[in-house]
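*Asks:* What follows is each chain in one-letter form.
4 protein chains.
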Amino acid sequence: MLLKDLKGKKIGICVSGGLDSKTVTKRLMEEGLDVICFSADLAQPDEKDINDIITKMEPCGAPTYIVDVKDDMAEICYETIKASATYDGGYWNTTGIARAVTVRGIVRAMQEHGVEVLCHGATGRGNDQMRFERYTRALAPEMGVYAPWRDPELLEQFPGRTEMADYLAQFDIPAVIGMKKKYSTDANLAGLSHEAEDLEELETSCLIVEPTMGVWPADAPDKIENVTLTFQHGYCTTINGEKVSPLQAMEKANEIAGRNGVWMKNALENRIIGTKSRGVYEAPGMVLLHAGLENILQATLDRNSFSLYKQMGDLISNLVYDGRYYDKSCQAARAAIDTLTESAEGEVTLGLYKGNVFFQSMTDIYASLYNEADSSMEASDGLNPASSQGFADIISVETAALAKAGQFDDC
Amino acid sequence: MLLKDLKGKKIGICVSGGLDSKTVTKRLMEEGLDVICFSADLAQPDEKDINDIITKMEPCGAPTYIVDVKDDMAEICYETIKASATYDGGYWNTTGIARAVTVRGIVRAMQEHGVEVLCHGATGRGNDQMRFERYTRALAPEMGVYAPWRDPELLEQFPGRTEMADYLAQFDIPAVIGMKKKYSTDANLAGLSHEAEDLEELETSCLIVEPTMGVWPADAPDKIENVTLTFQHGYCTTINGEKVSPLQAMEKANEIAGRNGVWMKNALENRIIGTKSRGVYEAPGMVLLHAGLENILQATLDRNSFSLYKQMGDLISNLVYDGRYYDKSCQAARAAIDTLTESAEGEVTLGLYKGNVFFQSMTDIYASLYNEADSSMEASDGLNPASSQGFADIISVETAALAKAGQFDDC
Amino acid sequence: MLLKDLKGKKIGICVSGGLDSKTVTKRLMEEGLDVICFSADLAQPDEKDINDIITKMEPCGAPTYIVDVKDDMAEICYETIKASATYDGGYWNTTGIARAVTVRGIVRAMQEHGVEVLCHGATGRGNDQMRFERYTRALAPEMGVYAPWRDPELLEQFPGRTEMADYLAQFDIPAVIGMKKKYSTDANLAGLSHEAEDLEELETSCLIVEPTMGVWPADAPDKIENVTLTFQHGYCTTINGEKVSPLQAMEKANEIAGRNGVWMKNALENRIIGTKSRGVYEAPGMVLLHAGLENILQATLDRNSFSLYKQMGDLISNLVYDGRYYDKSCQAARAAIDTLTESAEGEVTLGLYKGNVFFQSMTDIYASLYNEADSSMEASDGLNPASSQGFADIISVETAALAKAGQFDDC
Amino acid sequence: MLLKDLKGKKIGICVSGGLDSKTVTKRLMEEGLDVICFSADLAQPDEKDINDIITKMEPCGAPTYIVDVKDDMAEICYETIKASATYDGGYWNTTGIARAVTVRGIVRAMQEHGVEVLCHGATGRGNDQMRFERYTRALAPEMGVYAPWRDPELLEQFPGRTEMADYLAQFDIPAVIGMKKKYSTDANLAGLSHEAEDLEELETSCLIVEPTMGVWPADAPDKIENVTLTFQHGYCTTINGEKVSPLQAMEKANEIAGRNGVWMKNALENRIIGTKSRGVYEAPGMVLLHAGLENILQATLDRNSFSLYKQMGDLISNLVYDGRYYDKSCQAARAAIDTLTESAEGEVTLGLYKGNVFFQSMTDIYASLYNEADSSMEASDGLNPASSQGFADIISVETAALAKAGQFDDC
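First to last, the sequence lines map onto chains A, B, C and D.
One point on numbering: in our numbering, the residue at position 361 of the first sequence is 361, and numbering is uninterrupted.
One point on numbering: in our numbering, the residue at position 125 of the second sequence is 125, and numbering is uninterrupted.
One point on numbering: in our numbering, the residue at position 208 of the third sequence is 208, and numbering is uninterrupted.
One point on numbering: in our numbering, the residue at position 343 of the fourth sequence is 343, and numbering is uninterrupted.
The shape of chain A in the complex, shown without the other chains (with noise of 0.2 angstroms):
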């Protein structure tokens, strides 16, 4: 879709209250469109209050509406530890998982305002504007999608951030290019995404980064702080004992974790048109949770399922960061995890130190495989030594066949 094509249409702008919004919001508005903005609430971190955005848009003279996804946020989260599903270099594809609640909340307060083309900001280089085209294509098959930084005359009009501020100027919308950053951020809920600038060079150490979730390990307490988590079906229902929802349980965690230092991934990943990029990435909460229940399942899984929940974890990965939360094939995969984890319940105490995360115990694992006794070495309970007899000569007449057919002949 080009700006021609918009022509009488209604259309709903996704907007951050920044530069870019306010340019594109007065861009279309000139245009003589029917314009509405709207912004989601994904509990942001690096954002004091959510609507101050209204605020910021006011001059532009169209009405902002905050659409509130925080507990969908939060339940992503939730579905995203479940399955251990990162990516690339072990990033926690906060914004992929971001994208998936904050289109279909969006879309759905737009369709109750009969909007009837999407206009996003996301630029025509990177994940977003894919993310952005295939769940509004999949949610609302009837609405358009304009992109205005994939629009040549967009582009040409606006080749920087000082004609931006430039034609703002011109209807008196106050407009802050501000200082060149090192990096570009992204933030939710479930963590921050630092990119672009000066983090482009491969030169450049991760440790440029100002962490907005915690501190580094250099500057966390010297001193191992525990942490006890409870689990039912996978999901984290008490954190030291308090009763927590999805959405407390993440800032909480989110807090503990940030103090601790535990949180950084520095990451050079493949988007989805192909090219490499270079991110560093927090997400404390999402790891420190995460750490309590891989215990639980590394207890509760056997050696199949332990295979095939890798197998699906990486699948919805994949699959998250293309725009495909809501595809087939992710709810399939999403259905096997349910299955795996549906026993995944106890407690564990972790010790955070520095960046590190410590495995401290783990009981009432009610569904756990372990043994002490089968697995010691020693005790006369349990499994049967000689039984291993039987086992090895079955696996010697394998090995046999093998040999006899030459395969360790050049080993």
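Simulated from the structure, these hints should not be mistaken for laboratory data.
Mixed in with the good hints, there may be bad ones.
[What the hints assert, rightly or not] With the Cβ distance kept under 10 angstroms, some of the chain C side facing chain B (calculated, not the full set): (1) 391; (2) 396; (3) 398.
Note that CB positions come from ideal geometry on N, CA and C, so glycine has one too.
Assemble chains B, C and D onto chain A, guided by the hints.
*Replies:* The following block gives chains B, C and D in isolation, referenced to the frame of chain A:
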């Protein structure tokens, strides 16, 4: 095989110089068997002088040969790192990989000495018995395998360490039962596995372990130590500018990472025979060298390759765990890994700090797919944003078909 | 478990009415044990009247109960078809799936009769012994399992069929040794497995088998027979316009496909215990119903879903083969399959001709992703060719990066 | 690239001698461009004399070169068979593999002639455009790619075949519109793809296709024809005792299997760009040679190897379909396949009958893992039944843990 099946055979015993080794050796000699002892030099970090084993075994009256597999060991460490072949919970499979080279080295030495039956002291409840069995049968199909701790006769005669010491005392062979340890340890160049005893209880913190190859994070220096690694074809070839052989690299990396508290893994793993086992693992050098390589691979592997790489690594780790390092399936997976990593070349600098590994910088990655101009969200070079419109349109055609088919109806 | 471990226990024996069954039953009764016999009605096509088994067993003096699992059997056929869960060489795993429902049905009946030990007649060299073992232990952990043909005492007493007949003759129990057969057959509603004897030689053609459920292609009519199937949620619900239950569908499909020579698979498969086994398999109904479903799934599954579908089917077939149908991993994979096939609905007409299955037509696939306008190379509707340029440009950016990195240097 | 971007460039056009080829060639020449034509000799079974293309193109006035890739084509057939790399629905990917060698051959010829832009006639709605794009960009990054049927200017000028014929008539270039065909066909040594037109309707039977490489089963002889194949390293080296090169083998196998009605696949496949496509496929030789190899691999691959083999084949087929035959991921998967098939050696006899392929016999499989003594249910040699008791006991320990954990509670 049982004791009675050994009559008239030449027996090679794998020994460590401990109470078990002496007991089995003496017991088989008393049976009138022709016995030779063998031990592998795996660059065990907990063994001051490998020749002490000869001294310890001397009173039993059978000769002991040390088989040097230090370089084989370093090589298999490199192959494992190259494939990111960690097992359940991120365990570097250090015992599993050691068995592959130990048994091969010892079996060959035994063949030179005319040994007809290999005898090993692995218990009838663990993984090692199956690895000894498979590797011996694979590499020396003509050789028998005798496992005294699966033989009801020996299990009855020696139910515990006291009975072994008493037995040896009859022959004036010195034997120290020793204090009950909090856990037992298996060691080699790749790392250490601590398990059993107190660690069997899931209420026990991993912090009870006293690290042998390094320190806990809290005891590491309060200062980032940078280390620069270069890689060729996926192998580390220099550390801090100094050329290193695999063996030197492993030793150096163990030292550097160990002193910075980088090593710890607590895991509940799935044993070959279907039981679960809890371990605490040290593998500082593996972790450090792998961290370097991982960064390069993030730059050189495209998305399909990265996905295949992960699958192959998982497969290799499972096969090695099962004593199948020399199997065709493992050889095939390694051939794939070789292809994927042949262009992994370049220099990486990492910062180590109290158990954390930070990305500092990366240079000279000649096969890098990372392109700042394409990756950048803002630059005017590289990928053309307008092209993305066509890409998005194509994606929308598929999405529209899925939507029309009702696939998103419940989302 | 050995004979001596059975003392004082109530034993349930799985019987077929054959020489083995009678021998084991009588032998255990002679041991003074309390014995009850059980047999499963699996809609075996080679069994005229299932109650004949009662008559055959009567002379042994123990009561025999027939457990009706015909509907369970039809259901597991449907689940297997739905998942395309064929094993090595395309074998429909007909014996493997039958064991899952047989043991469950019999174990439950045994529990009602207070049986403490299940006794089965599977040999100590095949798959079934392991399936009996696992399913019994899984579904009735309190029950023991006794396998006479793994017990050295019985193996010695009855080395062959002559010794069994002689033994039974002492008690005036009629026993026919029978002519040596060219192969042995295991049968149930899903299909027939022929193996052993002459088939063991790889020089023997599969054509020595005389089909029980149909004819060889050469003996089928020289005329295409069309059959129309409708599916809902992946299950066949009508055949040629007639509503069918799973059991009716399997019987009807066996008949139709059987008479058209559609059924044959020759395969060398990997047994659970690591040996290879050669079999010739009939499964006409499975093949026919699956052919119908496959066409619908090709219309309703997108590429990611199809890939996941294949993986899950492979996993299920392996797990079922191993006696793990009720394991969490299998349940999870089946949950994924359920999601992927829930919209598999519509009508398919297939043409059958001398072993061949032709696609004739497909209608009413409401969830079809196939769109003639988009698919067409010529039509002016649907996908816009100009959009493809953008798609191609994006693809080229990635390819250029790969080329620059030297990845195509040797091609 | 659009027409306007071609100015001053030397253009190489891929031609078939048909209406499209002539139109594009003449049109570009009229634009004043320097044009050379190229066509690949792929041993197309529907092309009597490949040099006819030169004759047909002559009136356009540009020179035409035939690039011989027959041996490359035979080789890639062999690699595809070796990997069992079929795509959705068992389609042998015959067009996909041909593109890999066609583009490579033509690009190299074009480079020798100083061509700067490759022009191909693939539509903007199919797979081939993307394969041309990727392979050209991969193997000749300096070369541009022009696709007239994605260029709005040419799409407008030539909406249909009539306009093309009219255009050519102006220049007295003979052009036959021809009767509307029931479907269109793409052909090469590997096989034929029939699609479009009447086949686009899912109500159309696959039987409307008139086979080019063979006959329908009903027209095949009413008699089994035996064929004996020998393989070395996974490649067929003799047919019926006669030594064959890959090209000879493909031609011979096409002939033998074709006349016996062995070839047919109807499939709805997932295109690269996300749409579905319906095709009917002939590939008699591929089917026959693969049937032979499959039997050998069933004898030589253990269970882990077979599982890896299937995964790698699936991956390769997907990559080739996407125009990624030369990608690292494909090279790596092929390296794994090479290892798995290097010992695939021996002789197989198959019986062909009206579309069916029967296993007759197999000999001289030196790397066979099949062992009659171990496999036999009755023999007294081989695997010891008593050993199975130990194996079963070990399995029971794991099962008991799963049962205790409640994993079978709902079964």
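*Asks:* Would you mind marking each hint as holding or not holding in the structure?
*Replies:* Verification of the hints:
1. Restraint check, residue 391 of chain C versus chain B: the minimum CB separation of about 5 angstroms is within 10 angstroms; hint holds.
2. Checking residue 396 of chain C against chain B by beta carbon gives a least distance of about 9 angstroms; that is within 10 angstroms, so the hint holds.
3. Here the hint on residue 398 of chain C is kept, as its CB sits about 7 angstroms from the closest CB of chain B, short of 10 angstroms.
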